[in-house]
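Student: Residue numbers (my numbering), protein chains in the order written: chain A, 1 to 510; chain B, 511 to 545.
Source of the hints: derived by calculation from the structure; they are not laboratory data. Ideal Cβ placement from N, Cα and C applies to all residues, glycine included. Among these hints, one or two may not hold up.
[Said to hold, decoys possible] Below, a list of computed lysine-lysine pairs in the DSS-like style, where the Cα atoms sit at most 27 angstroms apart: (1) A:Lys365 with B:Lys539; (2) B:Lys539 with A:Lys177; (3) A:Lys4 with B:Lys539.
[Said to hold, decoys possible] Reference listing, derived: stretches of chain B covered by chain A, where coverage requires no fewer than 3 residues with Cβ under 8 angstroms from a Cβ of chain A: (4) 511-519; (5) 523-530; (6) 533-539.
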Amino acid sequence: MREKWTSKMGIILAVAGSAIGLGNFLRFPSQAAQNGGGAFMIPYFISLLLLGIPLMWIEWAIGRYGGILGHGTAPLIFNRLWQHRAAKYFGAIGIFGPLAIFIYYTYIESWLLGYCFYSLKGTLLRLTTKEEMLGFLQRYQGVSSRDVFVYSYLFFVITFFVNFAVIYRGVKGGIEKLCNVALPLLFIFAVIITIRVLTLGAPTPSHPEWNIANGFGFLWNPDFGALTNSKVWLAAAGQIFFTLSVGIGVVITYASYLSKGDDIVLSGLTATSLNEFAEVILGGSIVIPLAFAFFGNGGAQEVARSGSFNIGFVTMPLIFSKLAYGTAFAFLWFFLLFLAGLTSSISLLEPMVAFLGDELSISRKRAVAVVGIATFALCQFPIFFISRGVIDDIDFWAGSFFLVVFALVECVLFVWVFGIETAWDEIHHGAELSVPRFYKPIIKYVTPLFLICILGFWFFQQALPTFLLKGVPRENVPYVVGTRVGLLVLFLGIGALVRKAYRRKFKELP
Amino acid sequence: MSVSGWIFLILSWGLILGLVIFCVWRVLKEPYKDL
Numbered sequence: 001m002r003e004k005w006t007s008k009m010g011i012i013l014a015v016a017g018s019a020i021g022l023g024n025f026l027r028f029p030s031q032a033a034q035n036g037g038g039a040f041m042i043p044y045f046i047s048l049l050l051l052g053i054p055l056m057w058i059e060w061a062i063g064r065y066g067g068i069l070g071h072g073t074a075p076l077i078f079n080r081l082w083q084h085r086a087a088k089y090f091g092a093i094g095i096f097g098p099l100a101i102f103i104y105y106t107y108i109e110s111w112l113l114g115y116c117f118y119s120l121k122g123t124l125l126r127l128t129t130k131e132e133m134l135g136f137l138q139r140y141q142g143v144s145s146r147d148v149f150v151y152s153y154l155f156f157v158i159t160f161f162v163n164f165a166v167i168y169r170g171v172k173g174g175i176e177k178l179c180n181v182a183l184p185l186l187f188i189f190a191v192i193i194t195i196r197v198l199t200l201g202a203p204t205p206s207h208p209e210w211n212i213a214n215g216f217g218f219l220w221n222p223d224f225g226a227l228t229n230s231k232v233w234l235a236a237a238g239q240i241f242f243t244l245s246v247g248i249g250v251v252i253t254y255a256s257y258l259s260k261g262d263d264i265v266l267s268g269l270t271a272t273s274l275n276e277f278a279e280v281i282l283g284g285s286i287v288i289p290l291a292f293a294f295f296g297n298g299g300a301q302e303v304a305r306s307g308s309f310n311i312g313f314v315t316m317p318l319i320f321s322k323l324a325y326g327t328a329f330a331f332l333w334f335f336l337l338f339l340a341g342l343t344s345s346i347s348l349l350e351p352m353v354a355f356l357g358d359e360l361s362i363s364r365k366r367a368v369a370v371v372g373i374a375t376f377a378l379c380q381f382p383i384f385f386i387s388r389g390v391i392d393d394i395d396f397w398a399g400s401f402f403l404v405v406f407a408l409v410e411c412v413l414f415v416w417v418f419g420i421e422t423a424w425d426e427i428h429h430g431a432e433l434s435v436p437r438f439y440k441p442i443i444k445y446v447t448p449l450f451l452i453c454i455l456g457f458w459f460f461q462q463a464l465p466t467f468l469l470k471g472v473p474r475e476n477v478p479y480v481v482g483t484r485v486g487l488l489v490l491f492l493g494i495g496a497l498v499r500k501a502y503r504r505k506f507k508e509l510p
Numbered sequence: 511m512s513v514s515g516w517i518f519l520i521l522s523w524g525l526i527l528g529l530v531i532f533c534v535w536r537v538l539k540e541p542y543k544d545l
């Protein structure tokens, strides 16, 4: 008997928890500031309406459909939608992707726990320059020296066990209970920090023009010229894609714990809207306005360009060191990011655990133990080879490229193979809201075409150069190639398990 | 911040807050409905 969610609010918070991650608070503001400011919101909202929301409904519907048939993961659900021998292997991406992301994501998540500790201890706030802060991050990562790394590793072990402790307790007792507490806490912490930012005024007396209103202007003043640049549209579509956790396979697994008559239209839309609230309103009100208020226009531009890691682990603690009650705010900031990371990382584990339970009849206890041992071993690679480009490479393949491939496959299978009429009926079973009819042609034509365009652009702009190791320093090439071989082996291993599960369930192959 | 910046901010926030309030209000009618 498969587990079920206890309440409607439970699954909404769990899906929102999976979607709300570090990207909402760190990636979105940097993307918006670099890609046209307020004008970025035009392609952003168009992508949300044409790509994000339809894919969200498709994944919820596929998941609920599969769950009723006893499948909680994509491989055998895809096989039900399309009786072709290749279908289950496309579905294997829905297990491989989250597991591969988990391998490096947990490590980064553990930095947040570590930084909570160092905020309270006062270590972080004693560092007053960017160089000192960057130096500490490199020591923490074990790149420049090993003196802090031992504590960093300890925080990784704690984070890793917290993840598995939650998953071990199951859907109701673990994931749902955690998200019911963690999500409200996350919102409260983010609102407290946002209120502090909004009431900051001009904190640098020598530069009264460095104020929060101008900081918001830096993020929101539109540059309409950016709209003629295809890269801006691609960046907006990419942001929507990553922020909603679609194309990973996680939402399918979560929705598989629903029953036939349960609503997915309103629930999916609510989870999406909570994610957007966290991203645009809270995420957009913290990092960039603060950076502008403390470092001015040039500093804010540098921060926006410096990437998510630098914003989160260098710029923000530096700003908190200049704020009154900085220790408390730094702790709130890192703890809210830790909660965002935790509710995302547990969702990355669930597909593999669900697959072992549903398709190979392995008990949750044993499945968690097996996945725990395997992932603990795999996590050592990004930890010890972080300076060799391992994390970036796993993130590109598992966290970007295969996401779009998987989304395109699920969209085509559900809408074109399963059939738009059946798909439309499936989405509306038990619906508490009716999807507007104009969404039917959007889901059938626009969303898959949008995905094909993204895939095409990425293939030529990013995947081809990345595949050909362009820009990878010569000394890192063996590590990057090794990472790819490792990912291939992991995918083949999951493929073999999928084949075994298929034979076991259908006994059609010799 | 320029006038157009304010317009984009208010429209974006308004759209998202409107969606959140509508969805949460609908869900809160039966928030812990057994599934």
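Student: Confirm or reject the coverage of the segment 533-539 of chain B by chain A under the rule of 3 or more residues with a beta carbon closer than 8 angstroms to the chain's beta carbons.
Tutor: With 4 residues closer than 8 angstroms to chain A, the segment 533-539 of chain B meets the three-residue bar; holds.
Student: Residue count check for the segment 511-519 of chain B against chain A: does it reach three with CB-CB under 8 angstroms?
Tutor: Holds: 8 residues of the segment 511-519 of chain B have a Cβ under 8 angstroms from chain A.
Student: Is it true that the CA of A:Lys4 sits at most 27 angstroms from the CA of B:Lys539?
Tutor: holds, 21 angstroms
Student: Can you take a look at whether the segment 523-530 of chain B is actually covered by chain A? Rule is 3+ residues, C-beta closer than 8 angstroms.
Tutor: Held - the segment 523-530 of chain B has 6 residues with a Cβ nearer than 8 angstroms to chain A, which meets the minimum of three.
Student: Does A:Lys177 sit within 27 angstroms of B:Lys539, going by the straight-line distance between their CA atoms?
Tutor: Given pair B:Lys539, A:Lys177 holds - Cα atoms ~21 angstroms apart, limit 27 angstroms.
Student: Hinted pair, alpha-carbon criterion (27 angstroms max): A:Lys365, B:Lys539. Please report holds or violated.
Tutor: violated, 36 angstroms
Hint 1 from the earlier list is the only one contradicted by this structure; the remaining hints agree with it.
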